[in-house]
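Asks: If you're matching them up, the sequences are chains A and B in order.
If you use my numbering, the first sequence corresponds to residues 1 to 248, in order.
If you use my numbering, the second sequence corresponds to residues 1 to 116, in order.
Since no wrong hints were added, every one of them can be taken at face value.
Quick list of in silico lysine to any residue cross-link-like pairs, SDA-like style, CA-CA up to 20 Å:
#1 B:K96 with B:A84
#2 B:K96 with A:H204
#3 A:K115 with B:Y25
#4 B:K96 with A:A198
#5 A:K244 with B:I44
#6 B:K96 with B:I107
#7 A:K244 with A:H204
#8 B:K96 with A:L182
#9 B:K96 with A:L185
#10 A:K115 with B:R39
#11 A:K115 with B:R37
#12 A:K115 with B:L34
#13 A:K115 with B:I38
#14 A:K244 with A:E200
#15 A:K115 with B:Y33
#16 A:K115 with B:A29
#17 A:K115 with A:F150
#18 B:K96 with A:S197
#19 A:K115 with B:E40
#20 A:K115 with A:R17
I should point out that these hints are in silico values taken from the structure, not numbers from a laboratory.
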Amino acid sequence: MQMPDDTVLPTPGFAERCRWFLRGASNVASVPGLILCTAHIGFADLAQQAGITMAQAVFMVGIIWALPGMVVFVGAVLSGVGLLATAFAVALSSVRLTPMVVSLVPELRGSRTRKLTLYLLAHFIAITSWVIAMETIRGMPREVRTSYYFGLGSILVVTNMIVVAIVFAVAAALPPVVAAGLFLLTPMYFLTSLWGSAREQASHIAMVLGLVLGPLIHMFAPAFDLLGAGLIGGGLAFAAHLIKDRSA
Amino acid sequence: MTLGSIDAWWWPYLFIVLAGWAMTYPWRALGVYLGGRIREDSEILVLVRAIATALVAAVIGNLVCLPSGPAAETTLALRVFSAAMGFAAYFFIARKVLIGIVVAEAIFGLGFYFGY
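Could you put together the complete structure from these sequences and hints?
Replies: Next up, the structure:
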């Protein structure tokens, strides 16, 4: 298939790339960016309780960069389990990253994007920047999308490393009303933006199924809640998509 | 071997690299490898997007149904009702993320105040 945006564009220059990097970086100061910061405030609070030091927590944010995985990690440390059990739990909670990266990469790469660039950018792919990118990236010239995403992803990571360091420096536990109110921000943001960024009806069906299946599977097999909900919910939604296509 | 079992400054960092980074980054790398082989208009991407969406939705469902910290003291009914009303406001009033958040937080705050 001929992709009109793939063909004639010249390679963007350094100044052009910097402009798109800054545009991505400026998207960190947005509602989703602020919500991710509040989620990291909650994480820093939890890490403090687990006896993790400031430097270790900041290191975790920079190198793991997947909040559910980090929360699972701290939970494992809190319950005193060993390296292998911790690693297994983190690995299971992070399988979800693969389908997210798979669906973003074809939209992220330009005609001359190097593999190495994509492998480096993949480190920044987590829920928030994935949702922002799925919403915005289609309206951008193909050759500068990697620069935009590099700005968005890297500044998001650095900002939240600073947020976690600040929470440790302040070293005060949050008042219960505030902590309880903060908890609802993350699910409400994901709920609304996930609905808004869905490409097709299959994703809407998958979303409703995932919402119910996640907690349901958690009651029977907590280690496989995300994976099970993803495969069953996503699979059923895709089946509905195929049936609809055929009858149309 | 736990995070505190070797008394050396570098051990917790090695532990984080082994149990954290080495368990997350390979899933991302696998995504780049597989994503590089799939065309943007491919039907398989509908399936992959559906799985990714259901996974994130499961994270949302777990956050609402099984929260940690002070939010765990509130009732499941209050949390689900607040989230559902927030989403309804987003869906029926205006497709703005902020509307959903403000409505959900207002209902949740009231419920928390009255001890639900």
